[in-house]
Amino acid sequence: GLCDVTPEGFAHLTHMLMSLAGGKVILVLEGGYNLTSVAESLCSCVTTLLGDPCPLLEPYSVSDSALDSINSTVRVHSQYWRNLKQDDPVN
Numbered sequence: 001g002l003c004d005v006t007p008e009g010f011a012h013l014t015h016m017l018m019s020l021a022g023g024k025v026i027l028v029l030e031g032g033y034n035l036t037s038v039a040e041s042l043c044s045c046v047t048t049l050l051g052d053p054c055p056l057l058e059p060y061s062v063s064d065s066a067l068d069s070i071n072s073t074v075r076v077h078s079q080y081w082r083n084l085k086q087d088d089p090v091n
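Each residue of the sequence shown is one higher than the one before, starting from 1 at the first, in full-length UniProt numbering.
Note that these hints are calculated values from the structure, not bench results. Not one of these hints is a red herring.
Here are the computed distance ranges between Cβ atoms for each label pair: (1) Asn-71 x Thr-47: 26 to 34 Å; (2) Ser-19 x Leu-67: 18 to 26 Å; (3) Trp-81 x Thr-36: 29 to 37 Å; (4) Asp-52 x Leu-20: 12 to 20 Å; (5) Ser-72 x Leu-20: 18 to 26 Å; (6) Ala-21 x His-77: 14 to 22 Å; (7) Leu-29 x Ser-72: 22 to 30 Å; (8) Asp-68 x Asn-34: 15 to 23 Å; (9) Arg-82 x Pro-53: 30 to 38 Å.
The beta-carbon is built from N, C-alpha and C at its ideal position, and this holds for glycine as well.
Please model the complete structure; the sequences and the hints are all you need to start from.
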């Protein structure tokens, strides 16, 4: 929540996951408060799964809430994954 990922951003994330997983990716909807945003993001992900090229991304800067989420996730999972241990948080 509050990471402000655009539908185009979700398309690129899907494409990256496809390359990591040998193309074997599933999409699962868990709900959402903005149905228009969920629908547009799902459409972008599905078209990516179908082989369409990813749309161009607009220039952006990472939000503070996104960085906080990333750092919190890394901190929790670094207990179990040695390669996530770091001296400095992501910034």
